[in-house]
Amino acid sequence: LAVIHSEAPPVHRGERRNFWFAVASVLLLIGTVWVFWVDYNREWKAYQREFRAIELERAHQQVADLDEQYAASADMQQALADLDAAREELSARSEDVAAAQEAVRKAGEGYWLAESEWKVSKSYLDAAKYELEEARETGRGVEHAQEYFDSSDARFQAAVAELEKATQARDGASTELKALRASVDGIQKKILSLSELKTRAERKIDIIGPNLANAIRDRPVLDFLAPSIRVNQVQLPSLFNDVNFMQIPKVDRCMTCHLAASEKGYDELEHPFRSHPNLDLMVGTNSPHPYGEFGCTTCHDGLDRATYFVSAQHTPADPDQRHAWEKRHGWQEPHHWDSPMLPTEHTEANCLKCHRQETRVGGAPRLNRALDTIESAGCYGCHKITGYEKLRKTGPDLAHISSKVTPDWAFAWVSNPRDFRPTTWMPKFFGLSNSSSDEDKARNTVEIDAILSYIEGRSTPLDLEAPKQAGDPARGRKVIEEKGCQGCHRIGENATERAAYGRDFGPALDRVGDKLSPEWIYTWVRNPQSIFPATYMPNLRLSEQEASDATAYLLTLKRASIPPAPEPDAAVLDEVALEYLKARLTDEEAREKLASMGRDEKRAWLGEKLINRYGCFGCHNIPGFEEALPIGVELTREGSKLVTRLDFGFVDIEHTRQDWFFQKLKDPRIFDRGKIKLPQEKLKMPDFGFTDEEASVMVTLLLGLTKTEPLLETVKRLDPRESAIEDGRRIVQSRNCRGCHVAEGSGGAIRETIKDPGLYPPDLIGEGSKVQSDWLFSFLKSPSPIRPWLLARMPTFHFTDEEAVTIGKYFAALDEAHYPFESPRPSVTTARLEEGRQWFTAFKCLNCHVLSDEIPPGLTAADLAPNLTLASNRLRGDWIIDWLTDPQKQMPGTRMPSFFYSDGDPLMDEPDAKIAALRDYLMQLGNGRTGRASAGAARPGPGGDRPGL
Amino acid sequence: VIRFTAHRLLDPVALPGRALLKILVLALLALTPSYAEPRQGGGENGGGEQPAGYRAIRIEQGGSLTGRVLAHDPPPPYGDLPVTRDGKICGERIADERLIVASDGGVMNAVVSIEGITEGKAIDTLQRPRLENTGCRFRPHVQTVSVGQKLEIFNGDPLLHNTHAKMGGTTTVFNIALPFQNHKIPKLIREPGTMKVVCDAGHAWMSAWVAAFSHPYHAVTKEDGTFVIDGIPPGSYRVKAWHEELGSQLLEVTVGRAPTAISFSDLAR
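Chains as they are written, first to last, in this note's numbering: chain A, 1 to 949; chain B, 950 to 1218.
Worth flagging that the hints you see were computed from the coordinates, not collected in a lab. There may be inaccurate statements among the hints.
[Claimed, not checked] List of simulated lysine-lysine pairs, DSS-like, C-alpha gap at most 27 Å:
1) A:Lys755 <-> B:Lys1145
2) A:Lys889 <-> B:Lys1145
3) A:Lys889 <-> B:Lys1133
4) B:Lys1115 <-> A:Lys755
Put together the whole structure using the sequences plus the hints.
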């Protein structure tokens, strides 16, 4: 030992070792305390403690408020007074109560004894039964067994009788006691139900309030066992984070700090303790997107598992917030997570994860606006976007452009479309931020001229008709204003804001006189499809005179003459043409080729190359480019593009996707700034003149086009009814039905141009349960007037059979009505029809309704209601019943009064029988089955006749 | 039994033209205490409950508000309204009642009400205000009712009339057809608010106003512009005068036990 001791290195020697041991112990102690301290003070724990204090205060406040409320509540005070009175009454009879209680006790004892005896005797009986069976089988000792069985059975029967008696006695005693206490118990129950809220608040105080259990559970060190302060997380096995090459199921921990997000009534509090602002749609348990199934980061993005403010990847809304966060939370730009939280305004983007099949997404107005914009601006013409492959090219057909506009107009238009029409969606390609220098100007002229010379060179003439009659502009104006043109077009409103549908669906007609020839306008308004078969402009079936007048009026819509197109500079033309020639040829060959071409040949040749470069064919049909492929970047997954893949160039903006997209949309060429590029290398996306609002909603949409693919079970799947609605919506939208009609609660844009509400195009509420499928089909294919006094006309849309069926199914699906067949109406007796006719006369239906297409003398259109002879072939019988029962429910605000019921109360005897008789009468009126359809037969008799009321 | 008999007898359909009997029954009714005295609640023939948010309390020696609504510089009176339909029954022209101002400036048909009063005398829910369609005009042109009362809509003309009441000019509250002469329909007033009433049955000139309140403190000014509201619990109130053409005015008023007189003279839209 001595040897080892003396040989040992110094650190093993007693005093040194003790010293280092002491140091290490102290360090370990400090370290341990520090670890517990850090753990105890984690950011989210502080939030939970703060929230608990708030909750406690709110609960106390609620109890105080409720006390006050109860003090003021007559019901509660009455109940308390009743309780006192009842208790007093009861105490006056305390002897009776005591006696009853004693009786209950005794009866209880008796019952227990009887029940025991019953059980015992039953087991003896069972045993005896077995022995008897056994004895009979073996044939030994049967007599003895039989005797034993009989005595056991007698004992059992006696016990049964005893038990019945005891049960009765017990029930009787307790009924007696209950009767004595009935009033007190009843009132106590009532008080409990009145004060339920308070009980709940008090229970909450018990749970979260300062008590011994909580104090111990949440102590540092001990809080690993069962703390009341803990991470709240939800696992989402069917929703994923895309972490490149892998999809990882989400585990959301946001509610660890956002503690009241799923609760109502916390709107006043500051973040993170606020209620979600839209609990009916999101987060709420009864909403379509409950927290337990969808979590938070599915919509908001950010790092799902994080429990710190910074690591959760919060994104500030603006620089002010950013500075505030930097100070308060040490916020920094996220570098370690590809999808940081979306700024609040763009949260709707993530609706697209699951709702890509829908035309419009409910509750996402910004996204829907962007979806409209894609269609109007025709983004899918250049950028492939899944889901948009089948759409029509958004711009007009240029195959016959020379019959439509002059070269001068075309030049002015392409140079700056918004100069001619501020609300156009046609973008500007030339004179943008990377093509506005002096050299660029000469080049721009050459390029526009070349493009137009190609298009005009390939244009084939159209056979246009000249107006048949001399047109009168004043009458023409009436035609345009009354026939329904304003459902899609604005005229003379100097509109500057554009929209996709409603009255902005068609171009504003402010300057058509500066643009079009009389022949073209006349032919177009008479039959748009003869010029452009794929146009969405329907045929209003204008007569020759109406079309001539309309043409005359439209030609007066002029503002300024169109300046002549400038002559392209020959040298610049050569230079640009050579540049493009050299792409395929050697310098020498290119020069030779150039020298061999004439001026027009050069222009057309260059034009073709430039159309290829700018992708004009993305939106327009141009002969020679029928098979050309879109020129832009595919956008289907643009929202997942890494920020590092976006070229921010020398532009000083935040390096986020949303900032890059916004900048790109506002000035598509800006990222060329400060770069040295050849003309053909420059950016070429045109400028759509997006307003900040338009650009911002487009950013929302782009952020939503991600590669994340949730499991099919989370993706919104359409059932057959929803699919029918979706298909119909697409047509209703693409044909701008809402320009005139109200469908699904919105639309009717044309109403702002019509003074008399009696002349509004009809509301389509409940159309599916209202009209017969056959009728709707033929009406859509070939409209005929139902309300002849209306000035606006239902145009002919040239729907295909399939489209007309789709629309029919759409309306039927909206109302959950049968499509297309209905049971035939049972035939009705003549007596029944006579009854219906009597009511028809008595209720003076013809005071407003008509039986022909003429307006009766002395009346105006606004006084009238539909021609009832059309009802039998148009309306569904059940709808007539619903309509007559409560017109306001079918069409809120209708002028059709309630004859039979008001707020569900009958206004006369046997209303249903009368309604049914009227339905039967109406369903034969006009189809000639009884010959009673003539107006004379149904005219009301002398005033005040009221058969049998 | 009496009420049931009266109902049958007064119903002109069941037994038309028994005037004497009617008078007899009416006299009987007037003497029947159970019918004449207002009662809470009410059965089939009565009105509804006191409206939510209003508490009926016992008022002893309540105060009263009297006063006038005046127009200093009224617009010129409107002419008659043209009758475009059913001239035989409606006559050629019908007086326009939208603006009636007495020579000294008193404005008829203005609605005066106490704003936001939540307790006071009970609403007489058995009282039946009446809106007549007679001679192709609504009578009265302006009236006030309390929530819980039943408005009796009556057609005195041998024509189809309808009574279409719209709140805020657009939202239909009810739209009831009256196809027969002497047709009468009681309509429970459920919500407070000012309703414009029109007839869509081709009588575009017909218009009326029914102002409904969830308390009983309201009045319509008489021809001379005067009004009386009584049984008011003493206290401070905001009192509003409203007229369809002239606009409205609010006054702060303290009501004591003695009658308080106020006058509105600055109605503005």
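How the hints compare with the structure:
no. : hint                   : verdict
1   : A:Lys755 <-> B:Lys1145 : holds (19 Å)
2   : A:Lys889 <-> B:Lys1145 : holds (20 Å)
3   : A:Lys889 <-> B:Lys1133 : holds (23 Å)
4   : B:Lys1115 <-> A:Lys755 : holds (19 Å)
Violated hints are absent here; each numbered hint is respected by the structure.
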